[in-house]
Amino acid sequence: MLELFVYGIVLGSIIALGAIGLTLVYGILRFANFAHGDLMTAGAYVSLFLVSSLFPLIGIPREPLGPFSFGWRMVAAFPVTMAAVSGIAILLDRLIYRRLRQKGSSAVILAISALGASFIVRMMVLILWGGDYRSFFPGVLRPAMELPFGVKIRPDQVLIIGVAALLMVSLYLFLRYTKTGKAMRATADNMELARISGIRTERIVLWTWAIGGALAAAGGVLYGIDVQIHPGMGWNFLLPLFAAAILGGIGKVHGALIGGLVIGVLQQLSTAWLLPTYKPAVAFIGMIIILLVRPQGIFGGETGGT
Amino acid sequence: MELEGLLAYLVSLAIMASIYAVFCLGLNIQWGYTGLFNIGIAGFFCLGAYTSALITTSMPRGVYAHYVRQLFGLGLPFPFGLIGAALICGLVAFLIGIPTLRLREDYLAIATIGIAETFRLVFNNEGWLANGPRGLMGLPQPLQGVMPSEYYNYFYLAVVFCVMWAVYLAIERAIRSPWGRVLKAIREDEISAAMSGKDVFLFKMQSLVLGSMIMGIGGALYAHYTRAISPDVFTPLYGTFIIWVMLMAGGSGNNRGAILGAFLIWGIWTGTKFLTDLLPYTMKARAPYIRFLIVGILLELILIYRPQGILGEEKRVSRFLEEG
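These protein sequence lines are chains H and L, in that order.
Per the working numbering, the first sequence runs over residues 1385 to 1690.
Per the working numbering, the second sequence runs over residues 991 to 1314.
No lab work stands behind these hints: they were computed from the structure.
Each hint should be verified, as a subset may be incorrect.
If you anchor each label on the Cβ, the simulated ranges turn out as follows [stated by the list, open to error]: (1) H/Gly1471 / L/Leu1064: 37 to 47 angstroms; (2) L/Gly1302 / H/Arg1478: 36 to 46 angstroms; (3) H/His1638 / L/Lys1263: 47 to 57 angstroms; (4) H/Val1542 / L/Phe1062: 47 to 57 angstroms; (5) H/Leu1512 / L/Phe1264: 17 to 27 angstroms; (6) H/Ala1467 / L/Glu1304: 29 to 39 angstroms; (7) H/Ser1437 / L/Tyr1142: 45 to 55 angstroms; (8) L/Ala1184 / H/Arg1560: 23 to 33 angstroms; (9) H/Leu1449 / L/Phe1062: 40 to 50 angstroms; (10) H/Ala1656 / L/Gly1302: 51 to 61 angstroms; (11) L/Gly1302 / H/Leu1676: 53 to 63 angstroms.
Computed far set for chain H versus chain L, every beta-carbon distance over 10 angstroms [stated by the list, open to error]: (12) Leu1438; (13) Leu1449; (14) Ile1496; (15) Ser1497; (16) Leu1510; (17) Arg1584; (18) Gln1612; (19) Leu1675; (20) Pro1679.
Here's a subset of chain L near chain H, in silico, CB distances under 10 angstroms, partners left out [stated by the list, open to error]: (21) Leu1077; (22) Gly1080; (23) Val1082; (24) Phe1084; (25) Ile1086; (26) Glu1095; (27) Ile1100; (28) Val1223; (29) Leu1227; (30) Met1238; (31) Pro1278; (32) Ile1280; (33) Ile1294; (34) Glu1303.
For glycine and all other residues, C-beta sits at the position ideal for the given N, C-alpha and C.
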């Protein structure tokens, strides 16, 4: 049980990375971005391209670093992937969402277009890489370490928690202390008021997509390091992401973090009784319970979703 | 000979388009008239198909019992399958409406995705329920054996078309009633509808349940057409996404638009198959993805350049009002 709990924290940090981006987009642009899971998929596959095709060409060595399953190739690929997926998210905004915003389309129309965008991204991945399960470094053995109380954990998994925590602390500092971060929070509170105060909201929108895309990419790559990647992974993440964002209160960044960890632990603990394939369903049931008991989420305000 | 082959092809195309038209009509009640955001159509598709399959097949006997497991098999005639599918889907829609319909519209969307994924997982993993991933085969068809089998599809097309027409007439009638006008009022402005003394939650619930029942009927029609169902059929792509594209293309809030969209998009979808057949052999395996990519791009283009669809919504809401 303790072991499952620890694995739940690993999965939960990955979910939290996605859910934070989802909740930021929701808070600032006010629509449910159904393409967010597929940004994670995009991140995983951009990394796959880098570590298995591009970096071998330019001669970055394959050797694993220390106890980890990956080497310099992945270290180099990680920031490049985050930047690339930021670019993809901004591109989608430019091509689709911004046009709809300017036409004054409703939030639901934006959400439908996001559903369309999610299929477009996934189909691109399928066309380029096919539908198989893939590993970043096939054949690399990853011995587990023994922790107290008989908990076995791989060095990779410790690193996943560390990287996720680092990214979240950086985001917190960014939102709290930088000018852009403050402007983002102001825009999330009230876009009209922010615009009147001289905040260039379209720039804030770009920042939102850049951060959301980068965090989603990080989540996707970390998931690939932990398990394997496949084109449907982002879609499978969609329910946990929304469950985490709703649990924490839509638009609340720290809420999405806590929500992600709770949903991750819940999903892993459920495998003690249920088949692992039921994980998305577990997230779904958790979400329904939240909606029934406290629809505004743990950290949400009085008014709830409306 | 050539002509006969072409005709048979067109008939099968028309059957599938009509089945999809039933789904579009169901979605049109929910989205087109009430503004309910259901993106888990695949869930009701799946549930309707399986319910009807279990109602109309008999329990496997003898040697088949070793290969096919199912929860029950009532062996009832086809119409009972349709009714049962509608009832079960209505019940599930009711249950999903309770926690979500008082909240923002996105919550219903997320919950319906959850329903769709959960049903697919359950039917895939619980072998005792309906034979797990292998699914059910040899579903009975109405008047099977009475009709000569080479012309059976013509008859089934007539059946599907009649059901579609009945659903169309019923919705047209309902939407032009005071009840239909309340739905539209809720879609346009929930608060003023509530201020006029309408129970918004109740009307939304009725719309959600009615639309989902129609989707259940669509699922049943599909099951008895292909005669074989398995969980991997009811993916978000075939089960939800393409139906949304159909309704948006034809014009949401317009029942004729819903039917037109179904035929048009199904035509384009099958048409792109000829296109991808021209691809080099190595790309063949990935051809379906290219076709879906085209449909996805088509949706974005519709949303950006013609959000009202081809026909757009009819403004006339009552036959007592002046035309125009």
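- prompt: Going back to the hint list, which numbers does this structure go against?
  reply: Hints 1, 2, 6, 8, 9, 11, 14, 15, 16, 19, 20, 21, 22, 23, 24, 28 and 34 are the ones this structure does not satisfy, whereas the remaining hints hold.
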